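There are 2 protein chains.
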Amino acid sequence: MALEIPEVVIDRLPVYGRALALLQRQGREVVNSQELGERLGVTPAQIRKDLSYFGRFGKQGRGYNVARLLEELNQILGLTREWAMVLVGVGQLGRAIIGYDGFAPQGFRIIAAFDDDPNTVGTLVNGQTIRSVSTLRETLEQNKADIGIVAVPGASAQRVIDNLVDCGVKAILNYAPIAAQAPSHVRIKDIDPVLALQSMTFYIKGED
Amino acid sequence: MALEIPEVVIDRLPVYGRALALLQRQGREVVNSQELGERLGVTPAQIRKDLSYFGRFGKQGRGYNVARLLEELNQILGLTREWAMVLVGVGQLGRAIIGYDGFAPQGFRIIAAFDDDPNTVGTLVNGQTIRSVSTLRETLEQNKADIGIVAVPGASAQRVIDNLVDCGVKAILNYAPIAAQAPSHVRIKDIDPVLALQSMTFYIKGED
Numbered sequence: 001m002a003l004e005i006p007e008v009v010i011d012r013l014p015v016y017g018r019a020l021a022l023l024q025r026q027g028r029e030v031v032n033s034q035e036l037g038e039r040l041g042v043t044p045a046q047i048r049k050d051l052s053y054f055g056r057f058g059k060q061g062r063g064y065n066v067a068r069l070l071e072e073l074n075q076i077l078g079l080t081r082e083w084a085m086v087l088v089g090v091g092q093l094g095r096a097i098i099g100y101d102g103f104a105p106q107g108f109r110i111i112a113a114f115d116d117d118p119n120t121v122g123t124l125v126n127g128q129t130i131r132s133v134s135t136l137r138e139t140l141e142q143n144k145a146d147i148g149i150v151a152v153p154g155a156s157a158q159r160v161i162d163n164l165v166d167c168g169v170k171a172i173l174n175y176a177p178i179a180a181q182a183p184s185h186v187r188i189k190d191i192d193p194v195l196a197l198q199s200m201t202f203y204i205k206g207e208d
Numbered sequence: 209m210a211l212e213i214p215e216v217v218i219d220r221l222p223v224y225g226r227a228l229a230l231l232q233r234q235g236r237e238v239v240n241s242q243e244l245g246e247r248l249g250v251t252p253a254q255i256r257k258d259l260s261y262f263g264r265f266g267k268q269g270r271g272y273n274v275a276r277l278l279e280e281l282n283q284i285l286g287l288t289r290e291w292a293m294v295l296v297g298v299g300q301l302g303r304a305i306i307g308y309d310g311f312a313p314q315g316f317r318i319i320a321a322f323d324d325d326p327n328t329v330g331t332l333v334n335g336q337t338i339r340s341v342s343t344l345r346e347t348l349e350q351n352k353a354d355i356g357i358v359a360v361p362g363a364s365a366q367r368v369i370d371n372l373v374d375c376g377v378k379a380i381l382n383y384a385p386i387a388a389q390a391p392s393h394v395r396i397k398d399i400d401p402v403l404a405l406q407s408m409t410f411y412i413k414g415e416d
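Each protein sequence line maps, in turn, to chains C and B. Just so you know, we're using the working numbering here: the first sequence kicks off at 1 and counts up by one. Just so you know, we're using the working numbering here: the second sequence kicks off at 209 and counts up by one.
Isolated chain C, as found in the complex:
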């Protein structure tokens, strides 16, 4: 089934999940697609269509049970377990990533961080002792991690990604400003502020 679902649909599910989690914390038991859409800037029809890929949720005219839909989305997305991650690149950005407190509450845990600068290797950053990149394979053989985070400069990013893939990592979160490549069995997402900026300027360019 997975192959038939457009990637843009999968990309929206975590956004729905986040809104539902917020509703749950606010004590809400039911929400309809109208309200959910208004909160997220998405049409209700879009939400219903996206969810229809995964079966029937909610009853006509009665909306969705918040807790149940959230649980279903977490099941679908594989978020009912913890995910171990390794980070490569402990410059200013890597330090911000290690210090980022949004990962752990969502079940994503950085189990090891690597750098190739001898002045950085061995130092302690937010409780992580930074390891040499040369020990990546050894570390991943001893500690399973499915996700690699890449926060190295663009010039070395593809080499680091190839290395991670070679060591068995199945998904890459890439912060380097390159059009990174990975084999088709590996998922890759770029975190790229410039691409985000460049798609917003389209809309605001005519306003001056």
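These are calculated hints, taken from the structure and not from any lab test. Model, not experiment: these values are computed from the prediction. Heads up, a few of these hints could be off.
[Claimed, not checked] Mimicking DSS-like on lysine-lysine, the simulated pairs with C-alpha atoms at most 25 Å apart in a straight line are: (1) K397(B) / K205(C); (2) K144(C) / K413(B); (3) K205(C) / K257(B); (4) K257(B) / K49(C); (5) K189(C) / K144(C); (6) K257(B) / K189(C); (7) K205(C) / K352(B); (8) K397(B) / K352(B); (9) K413(B) / K189(C).
[Said to hold, decoys possible] Away from chain B, derived, C-beta distances all over 10 Å, residues of chain C: (10) S52; (11) D116; (12) S132; (13) V133; (14) N163; (15) C167.
[Stated by the list, open to error] Label-pair ranges, simulated between beta-carbon atoms: (16) I5(C) / L230(B): 22 to 32 Å; (17) Q26(C) / V216(B): 28 to 38 Å; (18) R264(B) / G127(C): 55 to 65 Å; (19) E290(B) / T80(C): 43 to 53 Å.
The C-beta atom is built at its ideal place from N, Cα and C for all residues, glycine as well.
Assemble chain B onto chain C, guided by the hints.
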């Protein structure tokens, strides 16, 4: 015309632009949609369809002139000028953003950075003297900036965004882990590593 073009198409144009810029640096004069697609993991048909929203590029069977298509895309996206940005939030993440060297080469410049911590205000970070958030309006009245970058904790992010919008900012790059809201005349993009992770786990969850 702008309103008819799906946002996902606009989102892909900077990705095409980046690949073309790389080809140009490599001395390439022509590229066809087949090769461009292979480099980006997009079908050639998708590229042709996306570009067709903006007129005719390239000749049947001869591919695209790299320099000309890049120039056209930059015109379309509003990237032939410089964009001034203000940053709010100078914690670990904000420091990484100020130090990020990917903005300037693409014409995005942080002209001022703000924080509300008295210990941070007045300090120098990568050449920027950090200002008090209370001076945001005054600064933006004296120096025009169309884009605001938000790197504050989730709990204060919406307030900061409202403040930026109120001061005339037209686009927001939001790093805070919230479903941020902005009026419809303001563009907003979230940089959210957790959402990116949560959409990848869907694909790798069954592989253990």
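Hints versus structure:
1. Between the alpha carbons of K397(B) and K205(C) the distance comes to roughly 16 Å, so the proposed pair stays at or under 25 Å and holds.
2. Only pairs whose Cα atoms come within 25 Å are accepted, and K144(C) paired with K413(B) is accepted, the gap being roughly 14 Å.
3. A distance of roughly 23 Å separates the Cα atoms of K205(C) and K257(B); the hinted pair therefore holds under the 25 Å criterion.
4. Between K257(B) and K49(C) the alpha-carbon distance is near 24 Å, which keeps this suggested pair within the 25 Å criterion.
5. For the given pair, K189(C) sits about 20 Å from K144(C) by alpha-carbon distance, which is consistent with the 25 Å threshold.
6. Only pairs whose Cα atoms come within 25 Å are accepted, and K257(B) paired with K189(C) is accepted, the gap being roughly 23 Å.
7. Using a Cα cut-off of 25 Å, the hinted pair K205(C) and K352(B) holds, with the two alpha carbons roughly 14 Å apart.
8. Pair hint K397(B) plus K352(B) holds up; C-alpha atoms about 20 Å apart against a cutoff of 25 Å.
9. With a CA separation close to 16 Å, the supplied pair K413(B) and K189(C) stays within the 25 Å bound.
10. Listed as outside the interface, S52(C) is consistent with that label: its C-beta sits roughly 16 Å from the nearest C-beta of chain B, beyond the 10 Å cut-off.
11. Residue-level check passed: D116(C) sits 18 Å from the nearest beta carbon of chain B, beyond 10 Å.
12. At roughly 22 Å from the closest C-beta of chain B, the C-beta of S132(C) stays outside 10 Å, upholding its exclusion from the interface.
13. The Cβ of V133(C) sits about 20 Å from the closest Cβ of chain B, beyond the 10 Å cut-off, so the non-interface label holds.
14. Even its closest Cβ contact with chain B, about 18 Å, leaves N163(C) beyond 10 Å, as expected for a residue assigned away from the interface.
15. The claim that C167(C) lies off the interface holds: its Cβ sits roughly 15 Å from the closest Cβ of chain B, which is beyond the 10 Å cut-off.
16. Range check, I5(C) to L230(B): Cβ separation about 31 Å, and the 22 to 32 Å hint holds.
17. Hint check: Q26(C) to V216(B), Cβ distance near 31 Å, so the stated range 28 to 38 Å holds.
18. Distance hint check: the CB atoms of R264(B) and G127(C) are about 57 Å apart, consistent with the given range 55 to 65 Å.
19. Judged by the Cβ atoms, the range 43 to 53 Å given for E290(B) and T80(C) holds: they are separated by roughly 47 Å.
Of the numbered hints listed earlier, not one is contradicted by the structure.
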